[in-house]
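Novice: Sequence:
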Amino acid sequence: MSFLKTIKDEINYVGAFLRIIKEVKSVDAKSNFGIADEIEMRVDKFGPNLAFLEDDINLTYDDMEKYANRIAAWALSEGCIAGDTVALFIRNRAHYVAVWFGLTKIGVIPALLNYQLAGPALGHCVNVSDSKIIIVDHEMADQWQSAKVHTRADLKVFSIFGNIKKYKNLDLELLNHSSGRPSRNFREGIKGGDLCMKMFTSGTTGMPKAAKVTHVRAQNYMRGFAGGVNTGQSDRIMMVLPLYHATGGLCGVGAALTRGGAVIVRPKFSVSSFWDDVIKYEATLLVYVGELCRFLLSSPVHPQEHKHKI
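Residue numbers (numbering that gives the first Met the number 0): 0 to 309.
Honestly, the hints are just simulated from the structure, not real lab data. Beta carbons: idealized from backbone N, C-alpha and C, even for Gly.
Pairwise CB distance ranges, derived in the manner of DEER restraints:
1) 165 / 117: 14 to 22 Å
2) 295 / 30: 40 to 48 Å
3) 302 / 76: 48 to 56 Å
4) 54 / 13: 34 to 42 Å
5) 307 / 246: 17 to 25 Å
6) 127 / 167: 19 to 27 Å
Calculated cross-link-like contacts (lysine-lysine; reagent style DSS-like; alpha-carbon spacing at most 27 Å):
7) 29 / 190
8) 7 / 21
9) 21 / 190
Using the sequences provided together with the hints, build the complete structure.
Specialist: So this is what it looks like as structure tokens:
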């Protein structure tokens, strides 16, 4: 029996590998088909499908697109051009990907900041990102205030998903901008090998370091994981990892978006609410790192944990 299982496992591994190769073979560093084109293609194909779920928020692909288009129009109104950087200091939210998606539509580079940082470490990340604007989640206001003194005086600050005193509210700003798709001309000339976004290490051995993610790398993450796990339109991926890191924000998100599935966004991993959330949102897949499983296995048996679809 174990021999037959081994053979079956090997067949599954080979099948997954072949699907990955098929998904990524057209990704080209010299092509002008970047991450914005990648996601727009999925929007056009899966428009009415649910893309992101968070509490009472149900965001379809079309909803994500319209929000992203407003972000793009707003950034243009602030004088942003292709090659500029805008920092995101936002916790896990249903609209998180839509914000950076909108920036990439006009060739602007999002810098995804660790929302657990504060003070000098956060200020350091903002400075090395070379951002002209930072978008701050209103729930991160105290952390931002502790870091502000360590950043440039000319940095523009906008609050989002709520008010932060003294700063413009991006939620209100977006109401004044079009939800129509911006012209590709704004990102004309950007190739797959060019910079797509900036991410940061966790800073466990010093100040966080910037990691430059090209369009090709982002597309390979997104497509590769979709092929590897063979996701479909009916899949819902439970996302408890931070969206500012590649594992959750590109691999996990990509596994859903490239196949028309949905991402269930939770603020963070919680042992006590994990199984309730899995059942409530009908999750079929989970993006995890090893520690999550250890926490779940060491916790008391939950009455819901045998009812899930993962």
